[in-house]
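In case you want the letters, here they are:
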Amino acid sequence: MTPNGAVPFSTATIRRRLALTWIGIAGSVGVLFVAALSTRSPLDDRDPAQQRPGFLDAVGHASSAPRIAPDLPRNGRKVVVFFVRPGVAGWLCSSLSTDQPLRRRADVAVVGPAATSSCTGVATVTDPAGSLARAFGMRRPRDGGPPVGYAVVDSHGLIRYRTLDPRVASALDEVETMVRATP
Amino acid sequence: MAVAVELLLYRSYKGHDARFHWFTHFFVGAAVALLAMAVVAWRTRHPVALPMLWPLLGHLVAMAPDILFNFGMAHRRWMDVFLAHVSSHYVPGRNVTWFGVFLASLAVYLVVLDRRVSPAPVWAGK
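Protein sequences appear in the order of chains A and B. Quick note: the first sequence uses our numbering, first residue 5, plus one each step. Quick note: the second sequence uses our numbering, first residue 8, plus one each step.
Hint data in this document are derived by calculation from the structure and do not stem from the laboratory. Because the structure is a prediction, the values reported are computed rather than measured. Here a beta-carbon is modelled for each residue, glycine too, at the ideal position from N, C-alpha and C. Watch out, some of these pointers could steer you wrong.
One side only, chain B facing chain A, incomplete, derived with CB under 10 Å [unchecked claim]:
1. D24
2. T31
3. L110
Footprint (simulated), chain A over chain B, 3 or more residues, beta carbon under 8 Å [what the hints assert, rightly or not]:
4. 74-83
5. 90-103
6. 111-117
Produce the complete structure using the sequences and hints provided.
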């Protein structure tokens with residue numbers, strides 16, 4: 005005890021406070037972490053590390069792109085291939101219709117399990133069996149259905165980027181970033 | 008202040024799936040900062056000044072390529088210089104592993120405070 009009556013914290017008290025600090029931080033960050041995990045979409049990738057990695061050739065070496073349409077891919081021209089479901093197709097086509105920079109930089113194709121009629125100025129491909137998605141190596145979403153996302157083919161016809169992205173229609177600036185990075 | 012900045016950074020990651028990336032870089036950056044804090048505290052025998060600022064700075068370094076991405080620069084492998092920004096996503100166990108590393112680093116810092124740092128002139132009151 006000091007002359008004015010104050011009592012210093014004991015070692016045990018300090019140790020208990022440090023332990024409580026650790027428990028408090030671990031608990032609060034842990035709750036946030038679990039909450040973030042629980043809000044994942046059924047259209048997200050099972051492995052979040054594979055979704056929107058943001059760099060080319062994230063999954064091994066580049067491979068040749070299959071033919072998407074009679075004139076795609078064209079030599080010397082990049083291609084962005086969007087994979088959609090019926091609920092996303094209209095939203096994406098509406099976004100694409102106002103995004104001229106992306107269409108100037110690359111040819112654009114929209115592939116879906118059902119016919120997409122609302123897309124103007126881009127190639128639309130109906131692929132009910134999902135064979136194109138498989139040929140592009142698109143990953144399956146958590147719900148096991150067809151993928152929603154996109155792939156980028158470089159000007160030599162090689163697939164350089166592929167990702168699931170359920171919100172792709174509202175993130176065309178990100179697609180454009182990846183197209184710019186693609187040779 | 009540091010917590011408010013972290014909340015802003017969290018909001019800056021577009022889309023629910025992007026939170027995975029926020030957590031990765033937070034855990035990695037904060038863990039590195041906590042280990043640096045432990046080393047400094049061990050050597051000086053004093054707690055570091057502004058202890059909340061260090062993890063925030065670590066996080067900012069780890070997520071720097073994401074800031075560049077928002078300005079239109081895609082990631083490159085060399086961006087691993089920013090606390091393994093690219094490859095940190097691919098460790099086995101993903102973010103659960105990094106959460107464990109973060110908690111272990113926090114424990115290391117607190118143990119250093121307990122074992123090595125001179126008792127601070129803190130009083131329990133009258």
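Each hint tested on the structure:
1. D24: 5 Å, holds
2. T31: Holds, because the Cβ-Cβ distance from T31/B to chain A comes to roughly 8 Å (cut-off 10 Å).
3. L110: Interface hint status for L110/B: holds (5 Å vs cutoff 10 Å).
4. 74-83: holds (count 6)
5. 90-103: This one holds; 5 residues, not fewer than the three required, reach chain A with a Cβ under 8 Å.
6. 111-117: Since 3 is at least three, the answer is holds.
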